[in-house]
Amino acid sequence: MSAVTGPAPAGVPAAETLGARDRRPDPVQVRCAVLANEPDGAYRRLVLDAGEAARRALPGQFAALAVGEPPTAMLLRRAVSIHAATPGDRRFDGADTLEIVVAPHGPGTEWVTRRRAGDVLDVVAPLGRPFPAPEVGAPTVLVGGGYGSAPLVWLARDLRDAGHRVDVVLGAASRDKLFGLEEAAAVVGPDLVHVTTDDGSAGLRGRVTDALAPLARDGVVVYACGPMAMLRAVHEVAAGAGGTSWLAVEESMACGIGVCMTCVLPVRGEDGVTRMTRSCVEGPTFDGDRVRWDAISIGPGGATSAVPADCLGAPVAAGKGH
Amino acid sequence: MTTTATSAGSAGPAVGFDPRTAIGTLELKNPVLTASGCAAAGRELGRLYDVAALGAVVTKSILRDARSGRPTPRMAETPSGMLNSIGLQGPGIDAFLAHDLPWLRDHGATAVVSIAGNDAAEFAELAGRLVDEPGVGAVEVNISCPNVANRGLVFACDPGSSAEVVSGVVDVVGGRVPVLAKLSPDVTDIVAIARACLDHGADGLAMVNTTLGMVVDTDTMRPVLAGVTGGLSGPAIRPIAVRCVWQVHAAMRRGDLRTAPIVGIGGILTGLDALQFVLAGASAVQVGTSTFHDPSAPLRVGAELAQALAARGFAGVADAVGHAHTVLAREGAR
Ligand SMILES: Cc1cc2nc3c(=O)[nH]c(=O)nc-3n(C[C@H](O)[C@H](O)[C@H](O)COP(=O)(O)OP(=O)(O)OC[C@H]3O[C@@H](n4cnc5c(N)ncnc54)[C@H](O)[C@@H]3O)c2cc1C
Ligand SMILES: Cc1cc2nc3c(=O)[nH]c(=O)nc-3n(C[C@H](O)[C@H](O)[C@H](O)COP(=O)(O)O)c2cc1C
Ligand code: FES
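Sequence lines, in order, name chains A and B. Residue numbers are given in the numbering used here: position 95 of the first sequence equals residue 95, and the series is strictly consecutive. Residue numbers are given in the numbering used here: position 195 of the second sequence equals residue 195, and the series is strictly consecutive.
Hints are computed from structural coordinates only; laboratory data are not their basis. Keep in mind that this is a model prediction, so the values were computed, not measured. Treat the hints loosely; a few may be bogus.
Stated by the list, open to error - Computed footprint of chain B on chain A; a stretch qualifies when at least three of its residues, placed anywhere within it, have a C-beta under 8 Å from a C-beta of chain B: (1) 73–87; (2) 246–255; (3) 260–266; (4) 287–301; (5) 305–311.
Glycine included, every Cβ here is placed at the ideal spot set by N, Cα and C.
Generate coordinates for the entire structure from the input sequences, incorporating the hints supplied.
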């Protein structure tokens with residue numbers, strides 16, 4: 001069974017995306033025992049006994065973890081990509097497992113990386129839109145920046161099984177921040193894995209786009225996950241070569257399930273209309289051609305989005321919106 | 001094969017306890033509702049559980065026209081809370097009536113529709129569009145938004161503006177569904193605002209909305225939110241909200257204010273949190289930000305509150321409303 005779902009447009013109204021033509025599984029809220037927590041370079045890789053959440057997950061979806069000892073002062077869940085979902089995982093007595101890769105960033109993710117086998121995590125998953133499928137036979141390139149490669153290995157396997165050529169580009173600041181090198185090589189073969197680091201400590205010294213450029217040709221479908229600046233650069237290379245880019249963005253999320261409207265970015269819908277679009281339900285993967293890059297600023301504190309003047313419901317006159 | 005994965009958020013029913021409550025003429029199967037802006041229009045939570053089991057779904061505030069909301073970042077986590085500056089993003093009332101209300105109706109949910117407008121006339125227009133729609137259980141008037149005509153001053157910060165909006169809505173609704181006025185805690189005298197709303201026909205009060213706050217990023221040395229300031233919510237504001245409910249209910253007991261149902265809102269995460277509001281004077285409560293922490297919170301709090309009330313010997317919700325005032329009065333009499 002291929003877990004990759006058919007193409008689904010970004011930015012269509014909620015009523016439509018959540019309707020019958022949306023083939024995403026419903027999420028579940030589960031209390032998951034931690035089965036393993038191992039270091040992997042600069043990251044920790046956790047295996048969770050996730051039951052129904054593991055049986056439903058598709059590549060490109062994410063999990064939202066409650067963090068801190070209850071009653072926690074950290075109210076908001078932390079979003080992490082699902083690295084693997086293995087129903088009947090033989091390594092763990094046939095448990096239905098979800099694997100996640102966590103970079104200790106602030107107090108919440110640090111708390112997660114300190115969990116030990118037997119500890120319990122409250123998880124809502126699977127969330128978000130899975131990676132859409134490419135056209136039959138299209139060549140594909142998967143680009144991961146840092147832990148951004150976490151959801152891509154699974155996708156690589158599905159694409160390979162569906163008969164696509166799959167190149168994998170992994171990039172990071174330094175060797176310890178690369179993730180998934182061996183796993184990717186095992187899926188697509190070492191020759192099709194291309195590595196770049198900013199400091200040259202592994203692979204080519206440079207950016208992922210240096211490795212992507214020679215692979216990007218007409219009809220290529222690029223899947224990318226990583227920081228916003230990288231996603232924009234990947235989109236430019238893919239579009240410049242006549243290809244498509246599917247970008248998994250990382251917006252700050254308060255709920256992860258589509259009820260709060262914090263995680264939005266301006267995206268043009270199928271109807272050509274730009275909306276402030278929720279990345280937790282309509283995303284996290286968006287068509288790079290539809291993202292309103294003109295309204296997105298990328299600074300040291302991360303990416304921020306303005307409301308484009310032609311956005312649906314944009315303030316009409318200065319000072320009118322609030 | 002065994003799995004430790006279990007469905008979260010289940011608490012058994014409290015035997016012999018009557019969980020029903022009422023907001024004016026609206027009968028609720030239990031006293032725990034979602035809070036506006038924290039459950040969209042129910043559909044997303046409906047993917048996780050049956051929203052018909054909730055006291056009611058309170059919708060995101062509906063506006064006349066589509067609104068994009070503010071730029072990002074729109075949120076910041078704070079100790080036991082969060083700031084948001086969404087800016088009332090929504091598709092407008094036409095889309096709400098076409099897609100969301102029918103969904104709520106089809107799924108058996110009790111819908112409390114929150115409305116917001118730029119001026120009193122817009123509020124009245126929205127109420128008029130809603131009142132005869134099947135499935136609208138009550139209208140919650142979100143007066144905690146800026147009044148465009150009055151220098152952007154929040155309606156709920158001024159008794160005159162609050163009264164104008166509420167009376168316009170009450171006239172249009174004509175008693176067909178209860179009208180709740182949603183108050184802001186950012187006022188000097190919450191009883192004065194409550195009085196303005198009740199004197200002009202509101203059937204009940206929803207209190208409170210978020211309180212204004214702000215966070216500065218010490219790395220970039222600028223405000224975190226694109227909108228600079230935002231609304232603070234979550235357990236961090238619970239003591240403020242309980243105090244507001246207490247003061248308004250106390251005024252009702254004294255006879256300074258017409259008696260009307262109060263819906264308590266602010267930082268409710270557990271049944272005991274909800275119980276504080278009931279004891280202070282609320283007939284029902286709403287669970288907002290905690291839904292982000294635990295999507296099942298509105299359901300779980302309902303079950304926990306019923307158990308907590310039953311354990312304290314109350315036969316129904318109504319018996320416990322304002323009980324902390326009674327306890328205090330009894331002590332004073334001794
Ligand atoms: C769809 C998605 C997939 C992700 N996948 C992974 C992954 O596989 N591995 C991983 O290590 N991290 C991943 N992240 C990033 C991770 O969610 C953040 O690093 C984390 O939320 C930071 O929390 P903190 O308490 O450690 O940091 P703090 O900075 O203390 O967090 C404070 C608040 O800001 C939010 N926040 C801060 N940084 C981010 C960010 N980069 N993205 C979203 N919210 C943020 C937090 O949720 C929290 O509410 C992903 C984010 C998203 C949206
Ligand atoms: C993200 C977010 C959006 C909100 N949107 C609205 C809204 O549209 N209308 C409204 O009346 N209140 C809105 N509120 C306020 C809540 O309904 C509630 O009054 C407040 O958050 C306090 O309750 P809580 O601590 O349980 O969240 C919003 C709150 C949050 C956190
Ligand atoms: S994170 Fe709440 S709507 Fe996306």
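Mind taking a look at whether chain B covers the region 246–255 of chain A? Criterion is 3 or more residues with CB to CB distance under 8 Å. holds (count 4)
Between the region 287–301 of chain A and chain B, are there enough contacts, at least three residues with CB-CB distance under 8 Å, for the coverage claim to hold? holds (count 3)
Can you take a look at whether the region 73–87 of chain A is actually covered by chain B? Rule is 3+ residues, C-beta closer than 8 Å. holds (count 5)
Would you check chain B against the region 260–266 of chain A, counting CB to CB pairs closer than 8 Å, and say if three or more residues qualify? With 5 residues in contact (Cβ-Cβ under 8 Å with chain B), the coverage given for the region 260–266 of chain A holds.
Checking C-beta pairs, does the region 305–311 of chain A have three or more residues closer than 8 Å to chain B? holds (count 4)
Checked against the numbered hints given earlier, the structure satisfies every one of them.
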